[in-house]
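A.B. asks: All the letters of the sequence shown, read from the start, carry residue numbers 1 to 159 under the working numbering.
None of these hints come from the bench; they were simulated from the model.
For each residue, glycine too, the CB sits at the ideal point set by N, CA and C.
Check before you lean on any hint, since a few could be wrong.
[As the list claims (entries may be wrong)] Simulated restraints, written as ranges between beta carbons of each label pair:
(1) Phe119 / Gly141: 31 to 37 Å
(2) Met27 / Ile116: 43 to 49 Å
(3) Arg63 / Arg149: 34 to 40 Å
[Stated by the list, open to error] In silico SDA-like pairs for lysine to any residue, Cα to Cα no more than 20 Å straight-line:
(4) Lys139 / Gly150
(5) Lys139 / Pro28
(6) Lys156 / Val55
(7) Lys156 / Ala86
(8) Lys156 / Leu83
(9) Lys156 / Pro28
(10) Lys156 / Ala67
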Amino acid sequence: MTTPEQHDRYEVAPGAVGGPEPQAHAMPVTGALAWWIGFVSLVPVPIVSQIVSWVAPVVTHVRLRPAGGFAAEVSRQAANWQLTFATITIGGFALTGIVVLVLETAGVTTDPRAFIPWFVLITIAGIATIVHMVLGGTKAGRGEVHRPRGSIPFFKPVA
Numbered sequence: 001m002t003t004p005e006q007h008d009r010y011e012v013a014p015g016a017v018g019g020p021e022p023q024a025h026a027m028p029v030t031g032a033l034a035w036w037i038g039f040v041s042l043v044p045v046p047i048v049s050q051i052v053s054w055v056a057p058v059v060t061h062v063r064l065r066p067a068g069g070f071a072a073e074v075s076r077q078a079a080n081w082q083l084t085f086a087t088i089t090i091g092g093f094a095l096t097g098i099v100v101l102v103l104e105t106a107g108v109t110t111d112p113r114a115f116i117p118w119f120v121l122i123t124i125a126g127i128a129t130i131v132h133m134v135l136g137g138t139k140a141g142r143g144e145v146h147r148p149r150g151s152i153p154f155f156k157p158v159a
């Protein structure tokens, strides 16, 4: 009869009394969370969910940046895109507000249709953001970096 040592195996399951200790395998940090956290914006809490979806990728990037590498680059791309979306949203709303105020001052009757360009802009940017979040999260999980076109580089690449 042979012993378990001769077969390089154990008679008991790992973690059982008398068996080897189970080995914990840490999940690799990919930075994909920075993309997936953007879906918080879909939570129906006006303004708060938007702010969280813009700030969370930035916080994730600031946390991962010192380590550098793949995760820092993924989180940088996610933070840049979310801040670009925030700039489009806030800037578009401000420009629409200015147009409405100028029309009001000029005595022109303000029509609610003045907000249509802002709604169109936000709808297009929102759909693009959802597409980029899905692409960025899945690519990060596969070990690739998603670089969305048109994002403003708020953060420089990690050297």
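A.B. asks: Indicate, hint by hint, whether the structure satisfies it.
C.D. replies: Hint by hint, here is what the structure shows:
1. Phe119 / Gly141: 31 to 37 Å: Given a distance of about 33 Å, which is inside 31 to 37 Å, the answer is holds.
2. Met27 / Ile116: 43 to 49 Å: 46 Å, holds
3. Arg63 / Arg149: 34 to 40 Å: 26 Å, violated
4. Lys139 / Gly150: Between Lys139 and Gly150 the Cα gap is close to 18 Å, so the pair holds against 20 Å.
5. Lys139 / Pro28: Satisfied, since the Cα-Cα distance of roughly 14 Å is no more than 20 Å.
6. Lys156 / Val55: 17 Å, holds
7. Lys156 / Ala86: 18 Å, holds
8. Lys156 / Leu83: At roughly 13 Å apart (the allowed maximum being 20 Å), Leu83 and Lys156 satisfy the hint.
9. Lys156 / Pro28: 24 Å, violated
10. Lys156 / Ala67: The given pair, whose Cα atoms are some 15 Å apart, holds under the 20 Å limit.
Comparing the model with each numbered hint stated earlier shows that hints 3, 9 do not hold.
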